[in-house]
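Visitor: Spelled out from the first residue to the last, the chains are:
Number of protein chains: 2
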Amino acid sequence: VLGSAAELADLRTLAAGADVVTFDHEGVPPEVLATLAADGVPLAPSPEAQLMAQDKLHARVELGRLGFPVPPFVHARTPRDVAAFAAEHGWPVVGKLPRGGYDGRGVAVLDGAPGAAELLRDAPAGIVVEPHLALDRELAVLVARSTSGEAVAYPVVETVQRDGMCREILFPAPIDPLLADEAHALALSIAEEIGATGVLAVELFVSEDRLLVNELALRPHNSGHWTIEGASTSQFEQHLRAVLGWPLGDTDPTAPAVATINVVGPPDGTDPATRVAVALGVPGARVHLYGKAARPGRKLGHVTVRGDDPAAARARALQAAALLEGRDS
Amino acid sequence: VLGSAAELADLRTLAAGADVVTFDHEGVPPEVLATLAADGVPLAPSPEAQLMAQDKLHARVELGRLGFPVPPFVHARTPRDVAAFAAEHGWPVVGKLPRGGYDGRGVAVLDGAPGAAELLRDAPAGIVVEPHLALDRELAVLVARSTSGEAVAYPVVETVQRDGMCREILFPAPIDPLLADEAHALALSIAEEIGATGVLAVELFVSEDRLLVNELALRPHNSGHWTIEGASTSQFEQHLRAVLGWPLGDTDPTAPAVATINVVGPPDGTDPATRVAVALGVPGARVHLYGKAARPGRKLGHVTVRGDDPAAARARALQAAALLEGRDS
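Residue numbers (the numbering used here), protein chains in the order written: chain S, 1 to 329; chain F, 330 to 658.
The set of hints was computed from the structure by calculation and includes no laboratory data.
Keep in mind the model is a prediction, meaning the values are calculated, not measured.
It is possible that some hints are incorrect.
Here are the in silico distance ranges between beta carbons for each label pair [what the hints assert, rightly or not]:
#1 S:D309 to F:D353: 28 to 38 Å
#2 F:Y431 to S:D309: 37 to 47 Å
#3 F:H617 to S:L135: 40 to 50 Å
#4 S:L240 to F:R409: 56 to 66 Å
#5 S:G101 to F:A644: 48 to 58 Å
#6 S:D176 to F:D579: 27 to 37 Å
#7 F:G429 to S:R105: 54 to 64 Å
#8 F:T364 to S:R105: 50 to 60 Å
#9 S:G17 to F:G524: 47 to 57 Å
Stretch-level coverage of chain F by chain S, calculated; a stretch enters the list once three of its residues show a Cβ under 8 Å from a Cβ in chain S [to be verified]:
#10 578-584
#11 610-622
All C-beta atoms, glycine included, are put in the ideal place defined by N, C-alpha and C.
This is chain S alone, in the form it adopts within the complex (with noise of 0.2 Å):
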């Protein structure tokens, strides 16, 4: 079936038959999620918990009320309430779209009404406005939930940015497993209070540690993708398994470390494509390339590297990636 994930039409003969329709994106709209969980189509995840991922508003508050550990927000519809915002907690701000956002993009920081201004342009609703938060680090924890209640919990892993898109995943995570322990118990309720189903990956920040969730995907994820090679289940077949309502499979790793890095389409516009025979000469790099068209700044593909020693298995696939980039490190 070819067609717009947001063309209703489409959608309907897409789920004529289906035993379960699953989502590998938020971009269909929530009115179009509506409609056909109203004509009896069996959505996994449903449009309720979907919700959680298509639109960060709807999550902060909705996590708040629930009484999971947030970030001070408000809803901002003018430059006048981020001001307000800042007045209490202090400029710089972040300000994000609530719905349509995705590495990087949909984010700023704010330095005074101005900027405010210029994002609320693209948000008549109104825009989550944050503190700057000083992180300790970003984790993510990927769950599953079977739509027979069933659920399990991937390793932790931390998550490195640079320039707003997630640049590293990196297994076992550098944290006290007390403190992973709490991860996981505060994923898996999530995952229960949303009602989520399929996996749910959940990220989080780590400032004065303190756990906060940032934002959630109720499908497999970038932050889960070292799961391919690095666990006995990949996310993607858990996934399925979760939606039809499946046995879940085991989610330890198999190995003692595993980096996984995102390629990203270089300045120069060449395509990593070019580059693989290289990249593939690093000894234990998994390559993975997406197909997409090459861009600056894209996110092209990722790399894994597993091993004995996290720093060697996180240099390695570093290397790679560098490569797949026409870097030299």
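We have chain S already, so just place chain F on it with the hints.
Guide: Quick look at chain F alone, frame taken from chain S:
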């Protein structure tokens, strides 16, 4: 490109502009391969090397000529030829069609001249006849040889046949490390001598503690499916690296023990795909079904289980395969 693997015109369409043309079966007739090679199509492996997998008689003669250990054999054109060989080696003997056999087809244990006559009816040019050897066990060694000449070997596995069909592939093979070294050296030497490019599966008999070369396959092979999860680089990726002249990948195992059990269509004709959810409940079971129509006795998929203990991994893989085949154990 949709077409027939035996039609020169279809294959010319496929090959037009290709950097390299390779194979996942031996079904392209040798004369068609020769024509493509004469056209200048870059074939990997070459038609000459491929013939070692296409024609059992040619392989026996050539391997013997090159000094590799093969079972005693004769090229029998008549029942009298078979009887003369049996007079020397004893009945029963094993008769094999030179071309077209697989999974036990085209191979027969011959008790006397009438059986030989029957097999010879399918082989006007004669059959291969060898003794019915007492085997200690069977082994397989997967090697890869690049168009650049680089070559690597995977760990030796034991293969277990039932009803003429490979049913189990077990790593590690329970053999003396010196015999494993010998098997590696033998397989790498064969790859070099016959000019193989891509992966080469060497099937070996162990008889009276000696290695004998049984068959070759110059493509990803059933005996190498364990590498999908069980080795750093799967045989499929390795094959592509090798025929493209790219650096070869690591061949080290990803676990101390890896067991692969083939899934065969059960006698009642039911499809293992209808039982996949149950099989996925076996911890660690990685289920692969090939999407082929279910027929009794047809190889339809396989299950791989990794683990620390060979017996435990094998038991789990056998359990999952049995569930897929609709058996309790």
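Visitor: Could you see if the CB distance from S:D176 to F:D579 stays within 27 to 37 Å?
Guide: holds, 33 Å
Visitor: Is 48 to 58 Å respected by the C-beta to C-beta distance linking S:G101 and F:A644?
Guide: With a Cβ separation near 50 Å, S:G101 and F:A644 satisfy 48 to 58 Å, so the hint holds.
Visitor: Lying within 54 to 64 Å: is that true of the beta-carbon distance F:G429 to S:R105?
Guide: Holds: the Cβ-Cβ distance is about 58 Å, inside 54 to 64 Å.
Visitor: Check whether three or more residues of the segment 610-622 of chain F sit with their beta carbon closer than 8 Å to a beta carbon of chain S.
Guide: holds (count 3)
Visitor: Between S:G17 and F:G524, does the beta-carbon spacing fit 47 to 57 Å?
Guide: At roughly 51 Å between Cβ atoms, F:G524 and S:G17 fall inside 47 to 57 Å, so the hint holds.
Visitor: When you take the CB atoms of S:L240 and F:R409, is the distance between them in 56 to 66 Å?
Guide: holds, 60 Å
Visitor: Starting from the range 50 to 60 Å, see whether the pair F:T364 and S:R105 falls in it by beta-carbon distance.
Guide: holds, 54 Å
Visitor: Return holds or violated for the Cβ distance of F:Y431 and S:D309 against the range 37 to 47 Å.
Guide: For S:D309 against F:Y431, whose Cβ atoms are near 44 Å apart, the range 37 to 47 Å holds.
Visitor: Using the beta carbons of F:H617 and S:L135, state whether their distance is inside 40 to 50 Å or not.
Guide: holds, 42 Å
Visitor: Please test the hint of 28 to 38 Å on the beta carbon pair from S:D309 and F:D353.
Guide: holds, 37 Å
Visitor: Are three or more residues of the segment 578-584 of chain F within 8 Å, CB to CB, of chain S?
Guide: Our answer is that it holds, as 4 residues pass the Cβ test (under 8 Å) against chain S, meeting three.
In this structure, every one of the numbered hints holds.
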